[in-house]
Amino acid sequence: MQRRSFVLASTLGLSGALLAPGARAQAGKVTVVTSFSKDVTDPFKAAFEKAMPGVTLDVQNRNTNAGVKYLEETRGNNQVDVFWASAPDAFEVLKSKGLLQRYTPKATGIAPRVGSMPTNDPDGQYFGFAASGYGIMWNERYARANRLPAPKEWGDLALPVFHDHVAIAAPSRSGTTHLTIETMLQGDGWDQGWRLLKAMAGNFRTITERSFGVPEAVNSGQVGVGIVIDFFAFSAQASGFPVKFVYPTVTTIVPANVGIVTRAPNTAGAQAFVEFLLSPAGQAVLLEPGIRRLPVNPEIYAQAPADYPNPFKDPSLGARVRFDVDVSEKRTAVVDTLFDQLITFQLDALKAATRAIQAAEAALEKKDNAAARSLVREARDLIAAMPVSEAEASGPAVAGAFGGQRAEGPRQAELEQAWAAFARERYARARDKAQEAARLAR
Amino acid sequence: MSATLSRPRAGRRAFTPGQAALAIAIALFLAAFLILPVATVMYVAFTEPGSGAFTLVNVWDAFRTELFVRSFLNSLYVSAATVLLASLFALPLAYITVRFHFRGALLIQTLGFLPLIMPPFAGAVAMQLLFGRNGTVNLLLGDWAGINIPFMEGLNGVVFVQAVHYFPFILVNLSAALRNIDSAMEEAAQNLGSSGFRLFRRIVFPLALPGYVAGASLVFVKVFDDLATPLLLNVKEMLAPQAYLRITSIGLADPMGYVISVVLIVVSVLAMWLSARAIRRGDYATVQRGGGGLARRRLGPGQAALAYGTVGLILALVLAPHLGLLLLSLATIWSFSPLPDGFTLAHYARVFSDSSAYIWNTVTYASLAALIDVVLGTAIAYLVLRTRLVGREWLDWTASAALAVPGVVLGIGYLRSFYGVTLPDGRPLASLWLVIVLALAIRRLPYALRACHAALQQISVSLEEAAENLGASKGRTVRRIVVPLMAGGILAGFISSFATAAVELSATLMLVQSNADAPLAYGLYVFMQSAAGRGPGAALGVIAVILVGACTFLSHLVIERSQRTRGRQA
Amino acid sequence: MTPGPREEEAAALSVAGQAAGVRIEGVNLSYGSNHVLKDVELEIRPGEFFAFLGPSGCGKTTLLRLIAGFNQADTGRVLVGGRDISALPPWKRDIGMVFQSYALWPHLSVRQNVAFGLEERRLPRAEIAARVEQALGLVGLAHLADRRPAALSGGQQQRVAVARTIAIRPRLLLLDEPLSNLDAKLRVQVRRELRDLQRSLGMTAIFVTHDQEEANTVCDRIAVFREGSVQQVDTPMALYARPANLFVAGFLGSANILAGTPREGRFAVEGGPALPLPAGLRPPPGARLMFRPQDASLAPPRPDSLLTGTVAHREFLGPVLRYGVRVGEAEVLVDMPFSGVPRLHEVGDTVAITVDLGSAHWLTE
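Residue numbers (the numbering used here), protein chains in the order written: chain A, 1 to 442; chain B, 443 to 1012; chain C, 1013 to 1377.
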């Protein structure tokens, strides 16, 4: 980190200092906008600059959303060479706005698919350089104090014992969470997938607006269990936090990507950086304990520690679901908005209904009652009910409202209001039914 | 009449060409660095998606959406409740320290200011570790009494955290106002049999009302427009978080976020306008003889115990987050336990080895921004209160509206407006760090403006008339009489702007162009994105707090000294 | 403007018979090393209009504020109506005070200002209203009751301040330079009003001023202060006629003071002639000769003239002509009655001064 002396001087030397060619994009400097933390970028910067003497990597940290907006707003006078982040949806947005260059990496040995996802953008505008699996992270001290069992599967999180103990990032805010949700929906089917999601969501303690908010809450023990990408848990463990992590049998593997920005001031440098990431040397950096992501070159795993997860060997790591990129793309905004309107912004109502159902079921365990069972079933169906079918979700009438284009169908705001009202009304009825069931069972 | 308690007769005098030129210059500045950038973003609120045609249907949609109506009411509730709670924190601190001989009054004024400097992310984590559901307090309470107090849950949690965070606005402005009250005003009431709380309620507080309202309206608007705290508590059903989430979510292109932003701006300006009206009704020029304020009184032993107890309790509460931050910066691991597992200095070592540039950048940016703010704030306050210029109040409203512009909107607006402008050497204008300074100045202008406005309101016009009568031109009168008398208020404004600019992130995150130009808040953000960065992030936060705290302390020292020289002997 | 106090209102607010006397016993007060009040002993009688007179910084306001309770004495005590009030806070003393700046609360109307002290005493609403009317009526401002103080003239504000104080019917009324913010003409009128008001209400009043004319015209008795200690207490006329020391003599009215040494029946003026002393008169050691300008007269010099000098200036004061005559190092003021076409001495003339040493005073510091 260089220290610029002029910042000390106040307005006196201002004009001269401002015009000094200090930050000028020059040959030998590659500017990267990234959402990755210092723990990730510092080792890569060091390794890259060592591999390419005379080249500096200028890292600008921005969260994914800010990074995308930044590229959008500065496109007229672009100064950025590379966009480097996890979330594929961010790259999709950049791609759709023509902000990414087409490029064919020369690196060899990269697997075409990792888990259920294709490694690279089929159009060659962004490239997976690492993968990460989604799983469940929990705080051991918290679990001990609250007598929580160790979770193993997604379904475990819907158990009453986890009520009010689980955190997740909103899929509309976290591209990787979105992929996880989408994978569940594709794997279990639209209706069954949402049913499971809402059953879990009934136990949510909180829905954060940042991906890192979930591991942060688990690390400090404010929330017991979090649905997170593996490296959050691994790096927390590496820092000494009392946390554990498990991949459920059906997990999703999400790629982390890199892309070259249109009209990059240093395209050659950008290409060099991409090639470095995909080279064996760059892939090996991923194995560092502070980074701990899954290389996309299967051969690198030979250098990894024995217990390192390997999606190319272990079939449970994301291979079960065949991820359909087209389906995902068409309904991205619809899925996110449904999650927000049905879950995030109705969380209190959803939790109240879930709590009531769990209470009724606990009562039924002690003393069975057919009528009550049927009421509980109805309550669960009410919670699981969806305002739009799978076909509608990608159909023009609904998905079209989210395109930012003038559409014939209802406006986005109208859809949102309708969905929220739909959920609110059903959650209230579900709670009433479950309470009624509890009374019958008593 | 040789002497009258003359009111500041706003607009009693016609304006001079110099004043008109000043007003135009300020208007141009605001147009270039506030209205234009924000308008380039906000116009979306009134366009049809896709076609871009003008429409009001989005506004109509917003008012029909249950979520937004609920969010609106929640925001109103939280803001009003926060003002109440923050007043409970600020009133005793301000009164006790300003009106009595109180050991450590200076320190308390400084410490009482620190909560405003809540470093992003790190402060939030620290607060959760102390007051969260499984924070220190609740873990201990759980062990001892088996109870759990939801300090940080739901809307009331937001009220609690916001009151702790923003009460210094009231403290600073109220203290300045109290210092300006002529002691005879209070003594006259005592002489007529009034004492204690009745005296405060009936005489002292009403006389300090301009300062209080300036602070309270800032708190109201700030809380109404704040998105960081609700989001940290995961309360999303409020207006500002809704706007933020919608504007920054990738792939969502609907205009609703901008509509909400417009609502935020309108409500904020309305609140400012109402508060200004409330003040104008009364007559608050209490500085007759160049101020000097009250002769400080001595406390009896019982009173002293009560006063120290009250002050100690409030300070303990409002400074707890900073204590938490300090612990966090020294902690090895702190997770689900009342105190960290162990302590280390390693985080500081890491921060000092690679982040010292952040510190210098922060001091430079924040002090330049605050300087711009007090100059503009004094000028606008003067034009509004002392001239009859047409539309002078619009300068005030416009500048105050900056409070309601989400940082991210301003950031995007700056990129949109200034990135296309190229400097001679080919770099875009927006890549200069000066642009960060301007953005910070615009974001924090309302703070300085309110403080300057309140200070000028308390000064009797006759003091200026005296100077003019003795042959001073308007310009010289402002320089030699008005500004020195406003010094306390100006300094309060400077501190508010400086301190909050030093930890500002949302606009900065958009505008930082390279690590070398980045301020502290940005460095903090970068650290706080990983588990290993938590300690160093907290250390950087502590450094920010100490840095700003030291500057605040120095400023208070200056205020006290000028008070002393101006103070009158009985 | 205002006529004298209305009898009816005055009767309603009168405290006659309850007016308190004040005793100040051995009061000392220091601010750090600055000894502001030194062994002050005073006795103020019930119903008396008493003045604290002295130059600024002499401690008179400090003593007034001490009586009101805003200052604490280091030693000594203050008794009002025979009761030691030293330990009472200001709001329990029942002593009215009119502040120099009036200290009218700008956020309250005139009526609210006047009602304040009554409300603090938790009086019934009807009584408050009646007393406010009476107090405002007494000062002739009933018609301005709903104005804000800022909308009043200085004289009106002063009267509101007075009304506010007398509304509570204080046992003792303190006035801190109440006329200093008024112009000269108004001052004469208001001081008369104050005097009448005090009489008709029967209050004990203490009036702080640095203006001897104000004190003389308004007060029954005057305490002259200098550097924190009381120099002399007496009626205005007695103070003028029989000043206790040079300071009092100089402060009340004009005085000629000549330093010198008594020697063999004569008084040798410093840098001047030796004046013969009347038989049997022995000035105390270190004493100076003091005489009022009207106790001397001027004449053209004669060979046997003892005290001669040069006219340095001349002022026409209406009834008298005041000459300043340079005698050696000193300047002597002499008032000559003005009657029609007088015989004038011009500046530069040498004149002889005649002093009746029998009516002169011999004073020390």
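Hints may be right or wrong, so weigh each one.
[What the hints assert, rightly or not] Stretch by stretch, here's where chain B covers chain A in the computed footprint (C-beta under 8 Å, at least three residues):
#, stretch
1, 47–61
2, 128–142
3, 234–247
4, 273–286
5, 413–423
[Unchecked claim] Partner residues aside, some chain C positions facing chain B, computed with beta carbon under 8 Å:
#, residue
6, Glu1019
7, Ala1023
8, Pro1102
9, Ser1113
10, Ala1115
11, Trp1117
12, His1119
13, Leu1135
14, Ile1180
15, Phe1259
16, Arg1326
17, Phe1328
It is worth saying that the hints were derived from the structure and are not from the lab.
On a predicted model such as this, the values are computed, not experimentally measured, just so you know.
C-beta: ideal position from N, C-alpha, C; glycine also.
Practice task
List, from low to high, the hint numbers that the structure doesn't satisfy.
Solution key: 4, 6, 7, 13, 15, 16, 17
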